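Colleague: Here is how the chains run, residue by residue.
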Amino acid sequence: MRSAICSTRARREAIELAAPLLAIRNLTVQFRVDSGWVTAIDDVSLNVDAGECVGVVGESGSGKSVTALSILGLHARATTKISSGTIEYQGQDLLRARTSAMRRIRGSEIAMIFQDPMSSLNPVLTIADQISETLRQHQGLTGDAARKRVVELLGLVRIPDAARRADDYPHRLSGGMRQRVMIAMAIACKPRLLIADEPTTALDVTIQAQILELLRDLRKELSMSVMLISHDLGVIAEFAQRVVVMYAGRVVEDAPVAQLFRRPVHPYTMGLISAVPKLDSDAPRLHTIPGRIPSPQEIIPGCRFSPRCALVQDGCLDAQPSMQPAGDRQSARCPPRLLALGGRHA
Amino acid sequence: MPDPSGPIVEVRDLCKTFDVKHAGGVSTLHALSGVNFDIMRGETLGLVGESGSGKTTAGRILVGLIPATSGTVSLFGHSITEADGKAQLASVRSKLQFVFQDPFASLNPRMRIGNAIAEPLDIAGTHSRKDRKERVAELLELVGLPRNSVERYPHEFSGGQRQRIVIARALALNPDFVVCDEPVSALDVSMQAQIVNLLLDLQDRLGLSYLFIAHDLAVVRAVSTRVAVMYAGAIVETAPKAEIYSDPQHPYSRALLDAVPRADPDFVRHPVVAGEVPSLLDPPAGCRFHPRCAFATDRCRTEVPRLKASGEDRQVACHLFPE
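Chains A and B, in that order, are what the protein sequence lines are. First residue of the first sequence: 571, per our numbering; consecutive thereafter. First residue of the second sequence: 829, per our numbering; consecutive thereafter.
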């Protein structure tokens, strides 16, 4: 009897421990356009565990940024409809959270950095003013205490001569330095989850490498989870532990990073990996995926990748395939490939 | 008389400065400081570098969009930098074309595709109405677009398709040489591969020569015959493409290659180069890479390295390599 109680408690604790920090379940988001509502993301599910770095990769219109903005409730209310799904952060449903609770979560629990650091910074305020605002809002720091913390944060993101740079206006800084300021602002309240939406896309390649290195170090130092959104498979391969591949508003594959690149299951993932130009290849032509990315308005029966898929079968057009397990911690939305792989392994 | 077997493009000691006005007066921005390169017939020279390296400025001078400050540029044996440069440029104008990065900005949103592609023909005045129609259809087919695109407008096409339209327009007058400035960097990976292959196919079919300007080293490898690496307004290294990727000589070329993220989770990265690109308003003395270079010596801090031979068909501008 006693052992039964113990085991129940242990099981409950194990479940709590194993519960992801962030869990998105079957999220569908629609936007209003002239002709009605279009589905931007459809049935998106993904987890971010504590301390984990999840990469979300996809091309234009895949819905990766829409997913990220939904987490923080940053969509324009008048033109957005969250038709179904839940977003649970530490067990709390963010879609049903009160405005005051969301204000607290944004910044102090979940922080976000964007692609273009210049448009994210106010050009008429100094760096110190902008970072202090976050500190005042979330931690009540003012005056000398805030100033001290600002300089400390700028040092943490490795801005040289931090005490002097704090009084600079954004236009005085290079793109790489501006992104460092954005990161300083994002980590000001030691968030548990950092959402980085194409953080290095606007930067030169040597600066990109520096920023990725900085993010990697900060993730360890602050034991943060990171959700990294990128169109660049190289950035994803280097940074993420687990990868979620999106195509035309849907998640098509979810796998640990090594598995995704070694044994991609979904034909889109396979095509995308082989279409990336390689630094060490002398192939006379690049591998291509035929056709083009559909617009959200286009109605495509069944699998949305089917018009471009080399492995398409009759059944692919009948119904939207669901995500199914495809091996150890790997899942994909492609029944024919799963059947083929399963058959071979069996 | 131009030599038919010689280079179609010869650039010597090309310099370009811009005046930058600010509250304190006017400063001089040194965009290009002594750039040299040749392009042979049928070849693609990949010009690669980060922001501010001067690659776009070099491309713009080459097609006559902006004048050079000093140095010479000759195209098909005609020097466009001499006193009569304008006339010289006019005589070779129809042999050169360019394709820019942004296919959205390159097309007039109110002009139908057929008219956009035919515009060079209309300006040249070489085609009758019937020939014009046939040529447009031929060009659409060449770039892989349906013939019925003629009546449609740019907004009806995706980014990749628009870049095909821009390429069709560039090819209207049968150019020999096309400057492509970041032609695929605004496109998604799956679209990018299609356009790169199209440019390669067109080169095979039409015998085109390209100057391919890009920041993406892997894309440059896919299209180029030779590669020139630029840094802060100067070429630091040129080499046949296989060599520059397997054995980069200049410390900057190596740093640039090391910084590229690889789509391979097993790849182990070298340490990242520190620092940022210098301001071109006040560039460092000597080698412009010396403040970031792990191998810099006193000589690097004072003396500007010249581009010199460093192997078969290879040149490097670095004091670490013997004369």
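These aren't lab readings, by the way, just hints derived from the structure by calculation. Incorrect hints may have been included.
Residues from chain A that keep clear of chain B, each with C-beta distances beyond 12 Å, as calculated [to be verified]: (1) Trp607; (2) Asp619; (3) Ser630; (4) Gly643; (5) Val694; (6) Arg719; (7) Ala733; (8) Pro740; (9) Ala779; (10) Ile859; (11) Leu881; (12) Gly912.
Cβ-to-Cβ under 10 Å is the rule here; a few derived chain A residues that face chain B [stated by the list, open to error]: (13) Asp663; (14) Ala667; (15) Gly804; (16) Phe809; (17) Arg832; (18) Tyr838; (19) Leu842; (20) Ile843; (21) Val846.
Note that this is a predicted model, so its numbers are computed, not measured. Just so it is clear, CB atoms sit at the ideal spot from N, CA and C, and this is done for glycine as well.
Colleague: Of all the hints given earlier, name the ones this structure violates by number, lowest first.
Modeller: 3, 9, 10, 13, 14
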